[in-house]
Amino acid sequence: MAKSENIKKLLEDGLEALKKNKNERAIECFDRVIAVESDNTMAWNNKGVALRKLGKIEDAINCYNKALSIDSDLSRALLNKARALKMQKKFDLALFTYEDILELHPEHREATEESERVRNLLSRQVQLTQVEVSVNEKESEERKLFQERNEELMEFLEESRKSISDSVEKIEEIFTSGIKEEALEHRDRILNALISFNEQLLNRIRNINDEFVTLDFEEEMRELIDKWNAFKDAKIEELKNLNKISR
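According to this note's numbering, the residues represented by the sequence shown are 6 to 252, in order.
Mixed in with the good hints, there may be bad ones.
[Said to hold, decoys possible] Restricting the straight-line Cα-Cα distance to at most 30 Å, the calculated cross-link-like pairs of lysine-lysine (DSS-like) are:
#: 1; residue 1: Lys245; residue 2: Lys14
#: 2; residue 1: Lys14; residue 2: Lys149
#: 3; residue 1: Lys95; residue 2: Lys58
#: 4; residue 1: Lys167; residue 2: Lys95
#: 5; residue 1: Lys143; residue 2: Lys167
#: 6; residue 1: Lys167; residue 2: Lys240
#: 7; residue 1: Lys245; residue 2: Lys232
Think of the hints as simulated: they come from the structure by calculation, not from any bench. These figures come from a predicted structure and were not determined experimentally.
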């Protein structure tokens, strides 16, 4: 196998492992790429993502910085770095990093939305100090609230995953029984419902985020959101495959 083909295969394997939350396996793949191409920014950036998922935030930031030392305009590495900085409660540095992205790409949706959340968070923290409430005391209170909201959201998503899986399985049963037209009609309804549900979920998380002053709830829930997105994408792919089979 040619060197370029081997690198491509390792990157694909690493990204697939990352998608399935097999983070140690993903790191192995990206390290093998880096051993051959030390300036491969995709490998450095995604190794950082895998490390972040394992809770190794400082190591993840080092990987993003390495990618950025090779290509300073790499917006995805900048975005990942900003998110990691938020997890370390370094909100000022995170904001500076978001601003770097927006200088490069003024219309960058994620950087625009997330930087606004950080500004709101910093503003609420200033208000705390003005009323002489300890940030540490507030954070302790919010950790309890976070636990409650986290459990509520996990339970909600677990119920949703079960309902969606049952619906997809039922559609596949209808399809394999030969009633293809009815199955495809159900499929289109479920696809639309999945997309709508995803938008509602993100809005719900953003609304919960407004309850917090010292924590970025959406960032704290990043792993849960990643897992939901992997599940959602897999189910959408299953439903789309019905259309290929029907041809």
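Hint by hint, here is what the structure shows:
A hinted pair counts as satisfied when its Cα atoms are at most 30 Å apart, and Lys245 with Lys14 qualifies at roughly 25 Å. Only pairs whose Cα atoms come within 30 Å are accepted, and Lys14 paired with Lys149 is rejected, the gap being roughly 44 Å. Between Lys95 and Lys58, the direct Cα distance comes to roughly 18 Å. Compliance with the 30 Å bound is thereby established for this hinted pair. For the hint linking Lys167 to Lys95, the alpha-carbon distance of about 37 Å lies beyond 30 Å, and the restraint is violated.
Between the alpha carbons of Lys143 and Lys167 the distance comes to roughly 36 Å, so the proposed pair goes past 30 Å and is violated. For the given pair, Lys167 sits about 12 Å from Lys240 by alpha-carbon distance, which is consistent with the 30 Å threshold. With a C-alpha separation of about 20 Å, the suggested pair Lys245 and Lys232 falls inside the 30 Å cut-off, and the hint holds.
When held up to the earlier numbered hints, the structure conflicts with 2, 4 and 5 and fits the remainder.
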